[in-house]
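A.B. asks: For reference, the chains in residue letters:
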Amino acid sequence: MWRFVLTRLGLVVPTFIGMTMLAFFLIRLVPGDPIETLAGERGIDPARHAALMKDYGMDRPLMVQYGLYVGRLLHGDLGKSMITQTPVVEEFIALFPATIELAVCAILFALVIGIPAGMLAAVKRNSVLDHGVMIGSLTGYSMPIFWWGLLLILLFSVQLGWTPVSGRIAVAYYFEPVTGFHLIDAWLSGEKGALKSAASHLILPTIVLGTNPLGIIARMTRSAMLEVLSEDYIRTARAKGLSNLRVVALHAFRNALIPVVTVIGLQVSVLFTGAILTETIFSWPGVGKWMIEAIARRDYPVLQGGLLLLGGVVMLVNLLVDMTYGVINPRISRR
Amino acid sequence: MSATPASLPRTPVTNPEVAQPPGPLREFWGQFSANAGAVAGLVIVVAVLLLAALAPWLAPYPPDLTNNTAFLRPPAWQEGGSSAYWLGTDAIGRDLVSRLMHGARLSLVIGIAVVALSIAVGIALGLIAGFARGVTDIVIMRMMDIILTLPSLLLAIVIVAILGPGMMNAMLAVAIVVLPHYVRITRAAVITESSKDYVTAARVAGAGRQRLMFQEVLPNCAAPLIVQASLGISTAILDAAALGFLGLGAQPPAAEWGTMLADAREFVLRAWWVVTFPGLMILITVLAFNLLGDGLRDALDPKLKR
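One line per chain: the protein sequences are A and B, in this order.
Using the numbering used here, the first residue of the first sequence is number 383, and each one after it goes up by one.
Using the numbering used here, the first residue of the second sequence is number 711, and each one after it goes up by one.
Isolated chain A (complex conformation):
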């Protein structure tokens, strides 16, 4: 087991180094240099330009600059936003809980609906229900979520007036952030109606962000379940006279869960990709919206830092999933 953990950890290091190189050199592809970008259309006189280049260390060779960049990274310094002059890490930490809250709700939504739907489809194979689940999951998987979000706003916010169109909570409510998660903070604040407001703001973004993972998880659960249901030990369990429910829920489900856990881990990347679109549509103040706004403002340190931080988070989660996988299925870690 420890060998497995160490091997996996060993693989993470070069990937992370590669990611820092990507983040560093990608930004250097921007036409012109960062000082010119900073100066904008006003232009800048050559002497001042040279002085600033020296200040930012940009007159040194590229490899030295990269070395300095990595050195700063190791001290947790990802540079400052060119617009707000706040450290990128601070901005990220302030906004990340909003994205996490949305992503956690979305994956829960996908799991709570996807796993039972996939199981039912497998048990009732080739029934109308099975075909319905399969068509539904493929549609969910193919859904352009930026459009799906607009449609849901059109129906639930505009036509029916059930849910708010954008934001995290109604402006009437204010409470000190404790955890950064509005659902929990609103509940802790004890302010009347705050929790309801936070929840109603969360519903549509959750559905939108959860739709792609829902399709993938339902499909994966079904196929994993089908595979397990054809195994000999299931036949043995049935032959012993166990009830169908017991066979499916106890014997088959646990083993079908193994591939599903891997797929859930892979959804982190899908969720962050989706969060960029979902946050843009619903004006959800998370890191996805933050990065899109950084593009419009040509705020390259934010783009660079955001790419690295989100990539790092995905990498860590993937690592954790691999470890969990090793625990659920000892055959993997002993290989």
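Hints are computed from structural coordinates only; laboratory data are not their basis.
Incorrect hints may have been included.
[What the hints assert, rightly or not] Here are the in silico distance ranges between beta carbons for each label pair:
no.	chain 1	residue 1	chain 2	residue 2	range
1	B	P963	A	V510	44 to 50 Å
2	B	P962	A	W544	50 to 56 Å
3	A	R636	B	Q730	47 to 53 Å
The model shown is predicted, which means the values in this text are computed figures rather than measured ones.
Note that the Cβ used here is the ideal one computed from N, Cα and C, for glycine as well.
Let chain A serve as the given structure and place chain B on it in line with the hints.
C.D. replies: Then chain B, alone, in the frame of chain A:
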């Protein structure tokens, strides 16, 4: 060995028409057509292809023609709609049907170009990694791991943000983002195939490395690549539309579906049709390519059958 001696008994002649096993194409079609979803996917893909190819002739108006007397006209069946604009018009009086048809062109071109680019580069890198092994292999595969680790759209967005918005750069960004899948598939197939006897036989017979790569191994890796290509077109269309929606893909006035949706966003409150139809086209096209890909996988690559 050139002539059979007359004394040897000949193999009994059977009617070749009847005895021949079905050819590979026929066998493939037999399996493929048994899958109703796959056939539906194929029909829709062909329909969208036709729509795209014939758009200049089928579309009632040019895609950019504006009409200042018909802003945000609703579809024909709704009150205020007219049969001149079957699905209505957008905010500056352009016919929605015509724009959707021309949008099919852009989306398909994007999807196919992205897959062609990433498959060409992916096969090359995969072959190199699979044949060279060692350091080359590690370097290539680590690079692919990095691309795979980053959230796909995020990386594409950053690439477009740096190269500048536009359809070409969006296509390039999406191609880079989907590249690892093709490299991985090719490399895995190369490694499996290389250990097989026919490759050893070819090597013993004196086949050079290039011949081994392209004549012997590559044709046997085709099935998973074809499947991935079909599924890849749907991803490419979806990602390119997302970039268009974020204002980073095809630029207005291009009739790209994602870009059309971005334009339509501000009218979501008063004109449901400008929002609904472009997205519906994206969904239908992406769904069709996914159905087609699933069908191809089941027919070509029975090992992967779900």
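A.B. asks: Next, verify each hint and record whether it holds.
C.D. replies: Results for each hint:
1. B:P963 with A:V510: 44 to 50 Å: With Cβ atoms ~45 Å apart, the hint holds.
2. B:P962 with A:W544: 50 to 56 Å: The hint (50 to 56 Å, Cβ to Cβ) is violated, given that P962 (chain B) and W544 (chain A) are roughly 33 Å apart.
3. A:R636 with B:Q730: 47 to 53 Å: Holds - the Cβ-Cβ distance for R636 (chain A) and Q730 (chain B), about 49 Å, lies within 47 to 53 Å.
The structure fails to meet hint 2 from the earlier list, while all remaining hints are met.
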